[in-house]
Amino acid sequence: MTMPSTVAAPLMHTARDERIKRMSKFRRAIIRPELGAICGTVAVFAFFFVLAGGTAMFTLEGAMSWSTVSAQFVVLAVGVCLLMIAGEFDLSLGSMVGFSGMIFALLTIALGLPVWLSILLALTLACALGAINGILVVRTGLPSFIVTLAFMFILRGLTIWSAISLTRQTVVSGMGEAAANDPLARLFGGKVLTGLFQWLANHGVIATFARGARAGQPVVEGIPMLIVWAIGLLIFGQWLLTRTKFGNWIFATGGDPQAARYIGVPVTRVKIIMFMFASLCAAVLGISQVVEFGSAAADRGLMKEFEAIICVVIGGALLTGGYGSVIGAALGAVIFGVVQQGLFFTNVESSLFRVFLGSILLGAVIANTYIRRLITGER
Amino acid sequence: MAVPIVEMIDIQKHFGHIIALSGVSFSVMPGECHCLLGDNGAGKSTFIKTMAGVHAPTHGEMKVNGETAHFANPRDAMSAGIATVYQDLAVIPLMSVSRNFWMGREPERGVWPFRTIDFKMADRVAMQEMSHMGINLREPEQAVGTLSGGERQTVAIARAVYFGAKVLILDEPTSALGVRQTANVLATIDQVRKKGIGVVFITHNVRHAMAVGDRFTVLNRGKTLGTADRGKISADELQNLMAGGQELAQLESSLGGTV
Ligand SMILES: Nc1ncnc2c1ncn2[C@@H]1O[C@H](COP(=O)(O)OP(=O)(O)OP(=O)(O)O)[C@@H](O)[C@H]1O
Ligand SMILES: [Mg+2]
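From first to last, the protein sequence lines stand for chains X and D.
Under my numbering, read the first sequence as residues -6 to 372, first letter to last.
Under my numbering, read the second sequence as residues -14 to 244, first letter to last.
Worth flagging that the hints you see were computed from the coordinates, not collected in a lab.
Just so you know, these numbers come straight off a predicted model, no measurement behind them.
It is possible that part of the hints are untrue.
Said to hold, decoys possible - Listed next, the stretches of chain X that the computed footprint assigns to chain D, with coverage defined by at least 3 CB atoms under 8 Å from CB atoms of chain D: (1) 251 to 257; (2) 335 to 341; (3) 357 to 370.
Claimed, not checked - Below, in silico cross-link-like pairs of lysine-lysine (DSS-like), each with a Cα-Cα straight-line distance of 30 Å or less: (4) D:K217 <-> D:K151; (5) D:K151 <-> X:K238; (6) D:K217 <-> D:K179; (7) D:K217 <-> D:K180; (8) D:K48 <-> D:K105; (9) X:K238 <-> D:K179; (10) D:K105 <-> X:K18.
Glycine included, C-beta positions come from ideal geometry on N, C-alpha and C.
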């Protein structure tokens, strides 16, 4: 656009500044935003390896169960992470999981639309609602905490009301059969690499069912689509945030919206797009749960927004925005998933789940604050 | 007479019932350093924000190269060649020097939609431009938050100069600086000016203004007290004007080009 130009140095310094300490490669490599989450992940795996090493938790079947649960958290956490780095919250995401799933089911069952069309409509609606959230926040200047809290109630209420008024129930079933042969539904449910797993089973690498209807089939048929979504979103989010121009704008928008605006970053557009993206992530989770379970329930996604925020904060993001890591958030989600499933395998009282989680949250956040100060020079 | 790069005619700015600017006229010629002086709350920052597209003026006209211009946002002003280094909001502390340097104009490579920032080039240029300004960085990824206040200003100035602004607005760039860095900034202003760029230099410090200024405009309570050319006004006279213009009558003769 403009011609770069160089101004000769008024006071040229060629020598190294003697006041700058050299940082070792190792130190530079480990001092990163995800460090707290990496340590947390290692600690959690070590903990369960000691407690539940002999149980089914560390078999392929067990691993698939905690991976699937973690993947649910990852899908939501990626959206929440980018939104939080852009400086905003969305407390309506849990309700959005339930709402988008319910809309998808109602359009298919009650209105008889083809499954693929219902999915597209549900995703579009989620995007539109995300945009409304975003526009309300940037136009009114109200904290997103309040605006999206309102939407948390509104969407949950609409979910229950629409289900009851159209079907007289809060659980809409029959989605399994409806989605069975739909081309788009296949992206949201079922498994991939089934051939590979069958091949591995035939060669004795993974166990097979010995008896019953599925005798000879592998105990793990393939990788659930939700895990594919989680990995895809994770890679996309990390790439977007750290490698692209838009990612630079996301950081700037959350770091200092006024300064970003002055230097020409379209702050409102960035925020609105991030609200839409987070809603889209919630809708992906909502729709894939419906395809997976064969039904939509009005209470799906309850409290999920808070759990996602916890994952993101464990992952090193700053609650006030401008700093964070998608990889960190995904590790936070894995910690969450492993702890939740691990306590099930170890038969520990499930109430301890909360105690454990609270402790990890506290530990990770304290570690993160310390690491962040090292990196950013916050005083 | 040459056409000013930017000319502001009778600019007013009201915030609700607060009148921050009540009719300010001002111009910047290519290659001059026009100092804008005034006490706290005089309206200096508000005035340059209308120039930079942050605020739309309530009343008044703005001309760029002799043609009427309207800026809807800071981007418009930037593409018209008006670059601004703000008093307090110059850079984003949590982000790296290199990312701050390129903010809003990131160099990209690759094919759409897989375009990414060209970090190699971005880092190299940022390091080089910073060292031209006398600041040695440990690495381009170093966060701006680890720099001192003056060094942060320098990042913003280096950025504006690098992107070839036609008008460079500096809002109190020296107020947070030490002796050496102030000398650096003043020397930079001088060099920028020699390249034909118009500089608007806001300061409280009359000595800094006298060191580089070609023209001096004093704002007081949202009004201009007048514009004086270099050599037609002394430091003491400027100081008095800034202090409230009690001795205005006495000074009127020296303010040749009163608007
Ligand atoms: N967004 C705003 N809303 C309301 N009033 C404002 C706004 N911005 C500035 N003002 C008022 O306009 C007046 C001029 O402020 P301005 O920031 O331009 O002063 P200044 O000359 O830059 O002062 P300083 O030397 O302290 O930086 C002040 O009285 C201020 O309160
Ligand atoms: Mg000011």
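Pair hint K238 (chain X) and K179 (chain D), alpha-carbon separation not exceeding 30 Å = Violated. K238 (chain X) to K179 (chain D) sits at ~33 Å, over the 30 Å cutoff.
Check whether three or more residues of the segment 335 to 341 of chain X sit with their beta carbon closer than 8 Å to a beta carbon of chain D.
-> violated (count 0)
Are three or more residues of the segment 357 to 370 of chain X within 8 Å, CB to CB, of chain D?
-> holds (count 3)
Decide if the proposed pair is consistent with the structure: K217 (chain D) and K151 (chain D), CA atoms, cutoff 30 Å inclusive.
-> holds, 27 Å
Closer than 8 Å, Cβ to Cβ, for at least three residues: run that test on the segment 251 to 257 of chain X against chain D and report holds or violated.
-> This one holds; 7 residues, not fewer than the three required, reach chain D with a Cβ under 8 Å.
Would you mind confirming whether the straight-line C-alpha gap from K217 (chain D) to K179 (chain D) stays at or under 30 Å?
-> holds, 22 Å
Does the alpha-carbon distance linking K105 (chain D) and K18 (chain X) stay inside the 30 Å limit?
-> Answer holds: K105 (chain D) to K18 (chain X) is near 18 Å, not above 30 Å.
Has the given pair, K217 (chain D) with K180 (chain D), been kept, meaning a C-alpha gap of at most 30 Å?
-> Holds: K217 (chain D) and K180 (chain D) sit about 25 Å apart, inside 30 Å.
Given the hint that K151 (chain D) pairs with K238 (chain X), test it: the Cα-Cα distance must not exceed 30 Å.
-> The hint holds at about 25 Å.
Given the hinted pair K48 (chain D) and K105 (chain D), is their alpha-carbon gap at most 30 Å?
-> violated, 39 Å
Violated hints, listed in ascending order, are 2, 8, 9; each of the other numbered hints is respected by the structure.
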